[in-house]
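> Each chain, written out:
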Amino acid sequence: MARTRKPELGVCYYPEHWPETIWADDAQRMVEMGLSWVRIGEFAWSRIETEPGQFEWGWLDRAIKTLGQAGLKVIMSTPTATPPRWMLDRHPDMLAWDAAGRPRTFGSRRHYDFSHAGYRDEAVRITSILGSRYGRDPHIRAWQLDNEYGCHDTTLSYSPVARNAFHSWLEDRYGSIDALNERWGNVFWSMDYQAFDQIELPNLTVTEPNPSHAMDFRRFASDQVVAFNQAKVDALRPLTDAELLHNYMGRITDFDHFDVGQPLDIATWDSYPLGFLEDRSDRDDAFKYAHMRCGDPDFQAFHHDLYRAVGRGRWWVLEQQPGPVNWAPHNPAPAPGMVRLWALEAFAHGAEVVCFFRWRQAPFAQEQNHAGLLRPDGELSEGGREITALAAELDRLPGDELPPARVAIVFDYASQWAWEVQPQDRQFDYFRLVFDIYCGLRRAGLAVDILPPSANNFGDRDLVFIPGLFAWTDALRGVMQNFTERTILGPRTGSRTEDFSVPDDLPPGLSGITVSAVETLRPEAPIELAEAGSLQIWSEQVSTDWVVLERALDDRPVRLRQGTLDYWTGWPDAKALDRWIAQLCEEAGLAMAHQSGSRRIQRIAQGHLAMDYITSQASFIE
Amino acid sequence: MARTRKPELGVCYYPEHWPETIWADDAQRMVEMGLSWVRIGEFAWSRIETEPGQFEWGWLDRAIKTLGQAGLKVIMSTPTATPPRWMLDRHPDMLAWDAAGRPRTFGSRRHYDFSHAGYRDEAVRITSILGSRYGRDPHIRAWQLDNEYGCHDTTLSYSPVARNAFHSWLEDRYGSIDALNERWGNVFWSMDYQAFDQIELPNLTVTEPNPSHAMDFRRFASDQVVAFNQAKVDALRPLTDAELLHNYMGRITDFDHFDVGQPLDIATWDSYPLGFLEDRSDRDDAFKYAHMRCGDPDFQAFHHDLYRAVGRGRWWVLEQQPGPVNWAPHNPAPAPGMVRLWALEAFAHGAEVVCFFRWRQAPFAQEQNHAGLLRPDGELSEGGREITALAAELDRLPGDELPPARVAIVFDYASQWAWEVQPQDRQFDYFRLVFDIYCGLRRAGLAVDILPPSANNFGDRDLVFIPGLFAWTDALRGVMQNFTERTILGPRTGSRTEDFSVPDDLPPGLSGITVSAVETLRPEAPIELAEAGSLQIWSEQVSTDWVVLERALDDRPVRLRQGTLDYWTGWPDAKALDRWIAQLCEEAGLAMAHQSGSRRIQRIAQGHLAMDYITSQASFIE
Amino acid sequence: MARTRKPELGVCYYPEHWPETIWADDAQRMVEMGLSWVRIGEFAWSRIETEPGQFEWGWLDRAIKTLGQAGLKVIMSTPTATPPRWMLDRHPDMLAWDAAGRPRTFGSRRHYDFSHAGYRDEAVRITSILGSRYGRDPHIRAWQLDNEYGCHDTTLSYSPVARNAFHSWLEDRYGSIDALNERWGNVFWSMDYQAFDQIELPNLTVTEPNPSHAMDFRRFASDQVVAFNQAKVDALRPLTDAELLHNYMGRITDFDHFDVGQPLDIATWDSYPLGFLEDRSDRDDAFKYAHMRCGDPDFQAFHHDLYRAVGRGRWWVLEQQPGPVNWAPHNPAPAPGMVRLWALEAFAHGAEVVCFFRWRQAPFAQEQNHAGLLRPDGELSEGGREITALAAELDRLPGDELPPARVAIVFDYASQWAWEVQPQDRQFDYFRLVFDIYCGLRRAGLAVDILPPSANNFGDRDLVFIPGLFAWTDALRGVMQNFTERTILGPRTGSRTEDFSVPDDLPPGLSGITVSAVETLRPEAPIELAEAGSLQIWSEQVSTDWVVLERALDDRPVRLRQGTLDYWTGWPDAKALDRWIAQLCEEAGLAMAHQSGSRRIQRIAQGHLAMDYITSQASFIE
Ligand SMILES: [Zn+2]
Ligand SMILES: [Zn+2]
Ligand SMILES: [Zn+2]
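Residue numbers (this note's numbering), protein chains in the order written: chain A, 1 to 622; chain W, 623 to 1244; chain G, 1245 to 1866.
Think of the hints as simulated: they come from the structure by calculation, not from any bench. All of these numbers come straight from a predicted model, not from anything done at the bench.
Derived, one-sided and incomplete: chain G residues facing chain W with beta-carbon distance under 10 angstroms:
#1 Asp1397
#2 Asp1529
#3 Ala1530
#4 Asn1575
We put the CB at the ideal spot given by N, CA and C, even for glycine.
One chain only, chain A, in its complex shape (with noise of 0.2 angstroms):
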């Protein structure tokens, strides 16, 4: 769990996309740098199978010890990400089918079906072939497995092929037709089945599925991605000592990232702080022309913090952005500083290691607009000399231990379905509901660690959050019950069963509050407390013997309490949180420091990192 190595810098490189003639060069301005680590192949099936069963070798095998012999580390990558086209011939099947019914054709990457058990097994089979060939070469420090699981939305299919796997699932899962049917509820608008293989994927029907079918179908989905990359383990760990990692995005959330990574060693993610504010951020247009060139102070936090959960303590970034990029609505390029900045925050939050993506920007093909620590006629670019300088930093770096967070938030990917599934409001959004406390808490300077709901306990901590979940487990509910410190829940905590159905004692499944309504509000309709702040988006109608900390304007009970438990009745508003925030602090003793505006701190094991996203500046602080 501990940080064991000095901080490190890497980069992505493509010896494929070169000739052989610079490689060398290459690799030893990338010593020179003051870079360690290179991760390569993600992307080279093409060029190592070039027909099937025929393989190139020896310009891989060059690459490497070029690589290797300059003194760096090599991350070697399964290239199942991208199968080439002659695979097609042998599976054609294999693709993978969008929501409106349409095979998704070749001609970019991720082409595959998660469900398709022949390419499954080939995977397997490139996976097995690389890691005999290079699984003690000792170049080869770590192995990266495929590339960015469920990007471009790839994690849900709706394939022939993904519906017979569904129905086998569906089978393990029930045992008999007749348990699905009663846990379903399907005798509701006379949606019984005789048999599995009646079932369809939960798309282009008449209006809404059952959500019952509809969350099963996106588990399901996720345990198609935990299986793929557990062949693609089980395959290759009798081959190597090296570590076996995974590159995560941000705010992909279509699979269980906790159940991907128990089989991996380290958890990575490619951190692309412009790129993401632009594309997959709920901030207003106003938040972002303030951020364009910075990023969202906390989005990167989140999946630092996130990520450092899913590894077990053990987490890397292989990717992060050196400048513009080439794949948001708008590209500008980040202010001088941020490039440092991201990276040190990185190692703030106990990464290992930093990438950037990539050495030289590429020329041709799909992100030719994409910058690289080089530009594309081998000049340093902007962030390359950024990276230039900040290596010379490291050494300033503390390399000790992440201590654990005072605070802690449970995170669970399956009550994002289940809460996509059936949202109730158009605005309601599991993500942006824990981000949203999660922000609260680090306007408060207060650093967080997030939990899986599998956690065995919530450990040493003063606060720990369990917004929205969809279902208590036994386990979980255990857990909070010998936590002697404070756990805040709602809202929507516990309010359905495993099953999809509002449990039989009302939610929340804690005794001595019942919720006994739901209402969702327009954005222009907050209910207004008593003091600062509103509710927004949603709000619940409860029956409790619990005291009442704090009502609403209209008098609905807000915060509610009963021992070391609370439960917020509806979304508070920043104004709100940062109150509640405050009180639960002043409470359990726990000291904030008030960040304004784009300032965040992150505490370290000696002193914090103190960061100003807009001014760019980030420095530490015994």
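Fit chains W and G with the ligands to the known structure of chain A by using the hints.
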């Protein structure tokens, strides 16, 4: 035509959703709450006929007996809106196709194509079987046929089955392909056909299809609903003396409700004031915000009046929202008092029965966030409490016949289809035009009757409005010419022939006026009138020898009069409309009672019902 | 290249739409109105060839005779834009497919795939038959080939037929699949192909396709239009001495009009100022509101100048809007005087003929709300009256040759495709960039010529603009280097190779400037200049030894100069553009005449035409 019974309340109930052990208690509680009617069975096919030809009557027999013996009158439903999954094995092509050319799948409801002869036979079969078993059961006092025809865009299907049925329909209408070519004007773009079976459905054309083609498809689709319903009526009528009804929806205009309702005894509709405000109203956000807990003050009234016409005087509310629903973009709770107000308003418009949806909130499947009279745990909900109190008020309600209104509007479903086919402006919508005028009349405190275009006479009225009529029939023109009081026509009235051509002598088909050109207007660009108000969206240029009552600032004639006829050359905004209605009332000696804001009155036999939507107040005043 | 005839007017006529008994009267009225030309036949295939091989010539013979003998010059059209329904029985796969992978059906027009060899043969066949019959008819003075190529998104088809044709096209271009892999950079994501027939069309890929792939598809699609047109020209040319033309549309850029126009004698276009403002302009609502009755003051002029280039000096307006149309989101009436103004403007830009669409408004089919010179009942419309008066003015128009403009802009269709493939910012659009500069020149009162990228020289001009050019050809670079006056380049000029790669020495391919990075900008985030104005959307970082004429407030170089070349590193807003143009004019000794608001002038042989769009005034000033 008269209200023959004292106002009654009822509820929708699903015995198949609950353990048989609680049915008797449920029934007793319904009676104690003051409910008289209970609707059952409309989604129960999979539990009645568990496999083709294998019936489970026991539970249903016992449910009817339990409810009936408790004193409730039972509305039995034919479950044809939710054919069981095994039906698709018998009729694999029975699913409707969407406009994008995709079959819509099993897994929710209304998964059938009205054109499918095989499924129509199955629907008749189950209807006959149910009728034979329960048609003479004394507890069964009414029959609901299917459920919410047309909901979820199910009237229009673009399937091969629909295509074939369309060919037959066209052949019946035109006799020869030459006649069709001539009447459609297929010479226009070389669209001539040699045979009926060459004709595609009008989706996925390169640019817009021939409007005659598109209009006939809309007529055809409506006729399929009519035929489907008629087949079921024909099957059931000989088997029962109970009344037959269907439950229509709000603002569903894809089929002609007058035609469907013709063989039925009673028209009913499903009234969801908050859901409809959010998901199908043209109102702006400010209006929706102000009315988020009460609904649009005119939307329910309009449908009450519309369905009173569809039911030839006899109508019910079969589902009324008792609390938050689950299906709109935002789902707030009704303000206290609104459930009562909505029910009283329905009675004031002549409803015989108001039923609520549903008895107990379902903890499973699609509507688990839809409130009922009971919570899932069996406790009374807020709505349930309000309905209990309302039941005690029923004695105070007038049971007299509703007097005819002095003012009427002709509502023509075909005009809705025509102007969807040929809007000429993104903003033009027939329903909105009619509803605008209706709202103006309601602001003037006037009771309004809706008339079908097939009305034999306009009755004893002072004002009849016929806005936006697609095409004159000789009959309707004759009725108007025989009417001795004032008829108000335009804009766009009589502007096409039945074949969807411009009439030879140009619109509006009245001697002495010629609409020589039409223009449509950006929202920022109304035509200002000399007095208060303006024309919006639509403005006609006319040459006329009628008296010009009013001109726009730019001198274009706006209101014309000859004898008993007025013609409006454009779509008035609310200011102009209020002014014009005031003038018409004064001329007609019709007493107005101006209603400001969200206040409305409805004239009844003795006195009137005064309501304020925003404050949730409703009281009967002699 | 010279205007050889006095300006003439004409009209589009459909004898097949009207009883033969009125043709003679129609013809006489046309002549009396001052019209010289009449276009017929372009949608009449189903009435000419009623079944395959069965022809009905009588009506067409008589129509031509009637029109010709009345003194009208006839433009005969080949009816290939509307193949009859029986054609689909002969070629069931002739329909184009949309980007969602669906065949687009029969029932409107342009229902054919340009790649379909069978249909191309049919088009040649009917063209030959018509040419044989009427090619030497003295009344036929010109031939229109097909109608509005590319309208309704018909250039791009994703059909299996197109896929096969694309394979052949690629094989012709690359010779070997290895060459294609190399030049596309398919190594990037293992996209290497083993054979041409493995290549899919670039729709429905998982994420964006390779831009080289997408760009070649765009070139291929354009070439199919060129080939289709060429085949018809080849068939017709030997059969007639009359001039051949095609009627292009406004802002259709999916095919290269210079290529299509090469074998034709005259370019014509269909000018719908109000419709185009509403349905294809980038202007904001305030602008559209202000110009809703007059149109964009620069949009028509731009297309006049563009199509003058396409026609190598010879061009007409073949359809001009005479009143409200039926197909835009809003369809207001033109202000009085605008029909005249638009026609005079066309003549001032060198049009030989202006025809109006259409003679008599059709009462049936798709365009029954589209105004004509006559109303459906045969009375003159408003537009008809205005045109009658205009005809009397024609003598006052200058018949002289239009002098070349001092200023020119290179317009390159391939650049439009390239930046649609790779916009790098949601707002980037090549047409908009060129049009922005054009508008700036027009505000300066300058006449502008458009040049194709294949121009042999820039002629006798003072300023030539080449903004946003995708890729240099050696020829164009040579022409520029030989040009002794000023050329203004950038932004984004020369930024890719023909293979869609970043050039080895980085853009813009001019010695002494290197674009080292690019950023794109949110609309709220322009780069402010030190003087008035700012850069928007696009900004380049350059290293250069050119003279820096101007820097932004943040010091980035904005305008660079070396010798005769200027380079702009970003997209100027209107303020910056006006300032820069003023400076360029001053340096070039070019007289400006600043035009405020909606006023515009067009220099002609003697004097100029002064127009004010908003007030509808237009007058010739010596
Ligand atoms: Zn990546
Ligand atoms: Zn319902
Ligand atoms: Zn046209």
